[in-house]
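Residue numbers (my numbering), protein chains in the order written: chain A, 130 to 539; chain B, 10 to 321; chain C, 291 to 583.
A hint or two may mislead.
Listed below are the simulated EDC-like cross-link pairs for lysine to aspartate or glutamate, each with C-alpha atoms no more than 20 Å apart in a straight line [stated by the list, open to error]:
#, chain 1, residue 1, chain 2, residue 2
1, B, K85, A, D413
2, A, K461, B, E200
3, A, K375, A, D342
4, A, K252, B, E200
5, A, K330, C, E557
6, C, K385, B, D165
7, A, K503, A, D413
8, A, K250, B, E200
9, B, K196, C, E557
10, A, K372, C, E421
11, A, K250, A, D413
12, A, K375, C, E421
Derived from the structure by calculation, the hints contain no laboratory data. Every value quoted in this text rests on a predicted model; they were computed, and no experiment measured them.
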Amino acid sequence: MEISRRSLLNTVATGAAVSALPLRRARAQAKPVIKIGVLNDQSGPYRDTGGTTSVVCTKQAVAEFASQMSGYTVEVITADHQNKPDVGAAIARQWYDQEGVDMIIDVPNSGVALAVAGVAKDKNKVHINSGAATSDLTGAQCNANIVHWTYDTWMLAQSTGGATVKAGGDSWYFITADYAFGHKLESDTTDLIKAAKGSVKGSSSYPFPGTTDFSSFLLQAQSSGAKVLGLANAGGDTINSIKQAKEFGLTMDIAALLMFITDVNALGLDVAGGLHLTESFYWDLNDKTRAFTKRILPQSPDNYPNMDHAGCYAGSLHFMKTINKMGVAAPKASGRDIVTAMKAIPTEDDCFGKGSIREDGRGMFNSYLFQVKKPAESKGKWDYYKLVQTSEPAQAWRPLNAGGCPLVKA
Amino acid sequence: MFSLGFTRPQLIALAVMVAVIAIAPMAVYPVFMMKIMCFALFACAFNLLIGYVGLLSFGHAAYFGMGCYLSAYAAKHWGFPAEICVLLGGIVAAAMGAVFGAIAIKRQGIYFSMITLALAQFTYFLCTQMAFTGGEDGIQNVPRPFLLGFLSLSNDMAIYWMVAVVFLVGFLAIFRIIHSPFGQVLKAIRENEPRAISLGYRVDDYKLLAFVLSTFIAGAAGGMKSLVFGIASLSDVTWQASGQIVLTNLLGGMGTVFGPVVGAVIINTLEFYLSPFGSWVTITQGLIFVACVMVFRRGVIGELGARFKVAL
Amino acid sequence: MLFGYNLSPILAQSVLGMVNGAFYALLSLGLAIIFGLLNIINFAHGALYMLGAVVSYLLLHFLGIGYWPALVLAPLIVGAFGVLLERTMINRLYKLDHLYGLLLTFGVALILEGIVRNSIGSSGVTYSVPEALRGATRLGFMIMPTYRLWVVVASFVICITTWLILEKTPIGATLRAATENAALVQSFGVNVPRLITLTYGAGVGLAGLAGVMAAPVYSVNPNMGSDVIIVVFAVVVIGGMGSILGSILTGFGLGLLEGLTKSIYPEASGVVVFVLMIVVLLTRPAGLFGKAA
């Protein structure tokens with residue numbers, strides 16, 4: 130009697146815990162649902178470069194395409210990966226396994242992106258990356274389930290780095306975010322500097338995320354005697370580095386290798402004016418980009434779309450177009466087939482114009498070198514860039530055979 | 010003896026636990042269940058020290074995290090079978106535990122905790138610097154190895170049974186340790202260390218052995234986790250991770266057999282449901298800490314046990 | 291130049307290290323006072339430091355109250371919060387093991403951090419340098435932002451003043467006596483519980499003050515507390531738990547040591563404190579300045 134009451138108690142305690150567990154879902158819906166998951170940094174240093182504006186842009190693509198969807202609806206869910214590869218990989222795994230997510234988009238932070246790309250391959254689903262930079266996504270670590278849409282470290286090095294070297298900046302010191310992205314950006318830029326007979330005097334890598342004080346690295350850079358300070362970091366870190374460089378009266382030229390318009394806005398033109406940077410999208414580039422921006426702004430009034438955001442829009446659009454062609458069952462059956470089809474269909478959208486996706490997953494669009502306007506040159510809100518140079522896809526991106534992607538047949 | 014020293018209520022609780030493990034994957038996401046089992050085993054290993062020797066190691070994540078790394082590395086680069094990966098995680102963690110433990114047990118109380126914390130931070134530093142850990146990126150895309158060299162674990166349910174077996178073996182091993190003559194000496198040390206010394210026990214040897222056993226199991230638990238998730242990363246070596254395992258024990262009930270398991274279930278479930286809502290996980294964990302300290306210091310199982318006068 | 295080395299980078303890094311050292315000293319000072327009198331290991335200290343920064347940001351953002359008034363107001367607000375914490379929770383733990391005080395304050399730290407992260411995001415917000423301290427000062431071997439120099443000087447003055455109050459005034463004497471033997475002091479008619487409450491308030495007020503001073507340097511972010519708390523613990527342990535002067539000297543000393551490490555082996559600057567702590571605990575268990583138990 131006594132014992133059975135105790136055992137009952139145990140059963141109840143454990144049972145209560147179990148019934149609270151994440152249960153497997155049974156769903157019965159009339160129209161098939163395609164699910165897109167926006168996975169990015171929503172609270173950390175990359176929250177403005179990606180964050181909720183990426184979600185807005187993805188949803189905008191879905192809303193615009195709704196009338197053309199052939200017999201399905203699209204649902205968008207989002208999560209914050211906190212810039213931790215393990216968190217990102219676990220969410221991706223659970224999304225693909227449990228939530229019925231067919232495609233994950235954005236994923237800034239190269240470390241997280243590489244992990245998510247691995248899960249996509251494992252589960253044979255789709256990942257369209259817009260937010261991460263590492264050129265390894267279409268190089269040594271490429272796989273048949275991913276598309277790298279917007280930009281990469283090779284293209285940044287070529288454009289911003291190339292312009293700096295051409296202007297006489299032949300000796301560099303790097304401040305590098307200590308993870309996949311920072312190191313790849315540093316090494317891609319170093320290749321370019323060496324090819325131009327320049328030299329790298331040294332580099333400091335700092336823990337990411339969590340570093341807010343860059344003063345000691347700036348001092349090391351200053352005492353190295355290099356002419357150019359190469360910032361192999363992004364978002365909030367780049368903003369802090371540039372601000373503090375000013376505080377400490379740094380006399381070197383600054384090459385902010387990855388900078389978005391959102392960062393320029395945070396810095397202000399009096400600090401950022403004159404810097405060179407590279408994006409594959411600018412809101413004020415042409416009538417179509419302005420029209421796109423006009424549609425986005427009501428939902429994201431304080432944050433104009435940058436190339437990462439635009440990539441989420443364009444990538445989602447292309448994904449849905451491909452599903453129209455392949456049928457709604459295709460993404461559930463094989464993500465690899467979807468990605469193969471995405472590569473076969475030319476891309477066209479308001480942000481990147483006409484383009485294509487290469488065998489290795491590389492999106493082939495123009496890249497633009499901009500110079501940030503001085504305060505006096507800016508005529509209005511977010512009027513920040515002067516176009517310096519346009520690179521056609523063939524020049525903008527790493528040659529197909531140079532990346533070492535196993536998908537590319539020699 | 011068949012009962013292994015379990016009392017009747019404990020046997021019933023054990024049966025319930027085994028039944029839940031067997032049935033749960035039909036209703037619950039198996040990866041989630043595996044995560045709970047990994048952390049439950051880690052918590053049990055920690056409990057061996059805090060609950061039965063009275064040692065608060067504030068850096069136990071170092072051993073768990075090292076287990077993660079080693080097992081992931083062995084699976085990815087050496088292609089070892091799963092059981093060897095997990096074992097290797099445990100062995101390396103235990104080797105570290107032997108060295109660090111020998112240093113730490115020279116001091117008592119809060120100083121012991123501080124040294125374990127410092128050594129864990131040192132380990133964290135090594136993990137950020139050594140090439141094999143992959144720094145901030147971690148060891149990614151670890152392929153699930155084969156069990157015994159030929160059984161594929163790529164299906165979630167296949168690896169589930171392996172994790173379940175390792176968890177139960179670890180759990181039972183800890184139970185045996187606690188109830189062995191060795192465990193009795195540990196409890197004597199917890200209650201009154203000078204007296205244990207005066208009775209002629211070489212207290213330091215006992216403490217060290219307990220420390221090594223605990224770190225071995227923690228390392229094996231970590232080794233399983235990285236095989237399940239296919240990734241080993243810095244998150245598992247941080248002092249915050251060490252703090253979380255203290256919380257798990259405090260909540261479940263330190264020095265109870267089933268407490269750490271219940272604690273792990275509650276903490277992971279909360280995390281699962283709250284993680285989409287920003288930092289509510291952190292806030293809730295904080296509230297649990299405060300509530301445990303202020304209202305029920307014996308933890309869930311401790312309080313239940315006291316209420317119904319059974320040792321669980 | 292010395293032995294063929296250019297000294298100025300090393301000097302520059304050391305001066306920068308002193309800025310960190312200034313914060314370590316302020317924080318560990320409060321922690322040591324609290325530990326000395328309350329026997330509580332105040333894990334919430336880092337979170338309260340962060341709270342000081344957040345409060346000064348909120349004062350500026352919502353009430354238009356600038357840096358200088360915040361320098362007084364924010365520590366008072368944080369101190370008042372501390373008093374509340376002590377009255378409602380911590381005072382029930384004095385009879386228990388150290389462990390429980392540590393776990394309770396750890397929980398409080400998690401709550402504060404979570405709330406702040408939910409409201410301002412994990413990368414935080416910036417707080418600009420007050421008008422009067424903008425610009426930079428030329429030190430010969432480097433250009434130093436004036437604000438950072440101010441931090442070092444102000445922190446030093448505050449630490450020394452606090453130490454003098456504790457060592458040379460009647461209040462300090464009572465406090466020290468209560469640390470040694472609370473019951474005896476109580477029998478002299480001193481309201482010891484109130485003394486304890488106010489001490490806790492003052493200790494965390496110091497953390498709040500450090501937070502205000504840190505806001506323009508590190509920007510206001512929810513992790514600033516948890517990043518520093520472990521280091522500050524180590525400082526207190528190295529200095530000798532409860533030793534006021536020990537924590538001040540160790541705080542500044544550690545800043546210097548980290549600065550030096552940064553000019554030689556930058557990656558190790560974060561870990562040097564733990565190596566030092568292990569060595570000190572194994573050779574001088576009571577810390578550098580602590581009395582042997």
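To see whether the hints hold, each was checked on the structure:
Proximity of K85 (chain B) to D413 (chain A) is assessed by CA-CA distance (about 47 Å); at most 20 Å being required, the pair is judged violated. Between K461 (chain A) and E200 (chain B), the direct Cα distance comes to roughly 60 Å. Violation of the 20 Å bound is thereby established for this hinted pair. Proposed proximity of K375 (chain A) and D342 (chain A) is supported: the alpha carbons are some 13 Å apart, at most 20 Å. Between the alpha carbons of K252 (chain A) and E200 (chain B) the distance comes to roughly 52 Å, so the proposed pair goes past 20 Å and is violated.
Between K330 (chain A) and E557 (chain C) the CA atoms are separated by roughly 18 Å; this keeps the pair inside 20 Å, and the hint holds. Only pairs whose Cα atoms come within 20 Å are accepted, and K385 (chain C) paired with D165 (chain B) is rejected, the gap being roughly 49 Å. Between K503 (chain A) and D413 (chain A), the direct Cα distance comes to roughly 17 Å. Compliance with the 20 Å bound is thereby established for this hinted pair. For the given pair, K250 (chain A) sits about 54 Å from E200 (chain B) by alpha-carbon distance, which is inconsistent with the 20 Å threshold.
Proposed proximity of K196 (chain B) and E557 (chain C) is contradicted: the alpha carbons are some 42 Å apart, above 20 Å. Distance check on the hinted pair: K372 (chain A) and E421 (chain C) sit about 16 Å apart at the alpha-carbon level, within 20 Å; holds. Between K250 (chain A) and D413 (chain A) the CA atoms are separated by roughly 37 Å; this puts the pair beyond 20 Å, and the hint is violated. A C-alpha spacing of about 16 Å is found between K375 (chain A) and E421 (chain C), which places the hinted pair at or below 20 Å, so the restraint holds.
Taken one by one, the earlier hints fail for this structure at numbers 1, 2, 4, 6, 8, 9, 11, listed in ascending order.
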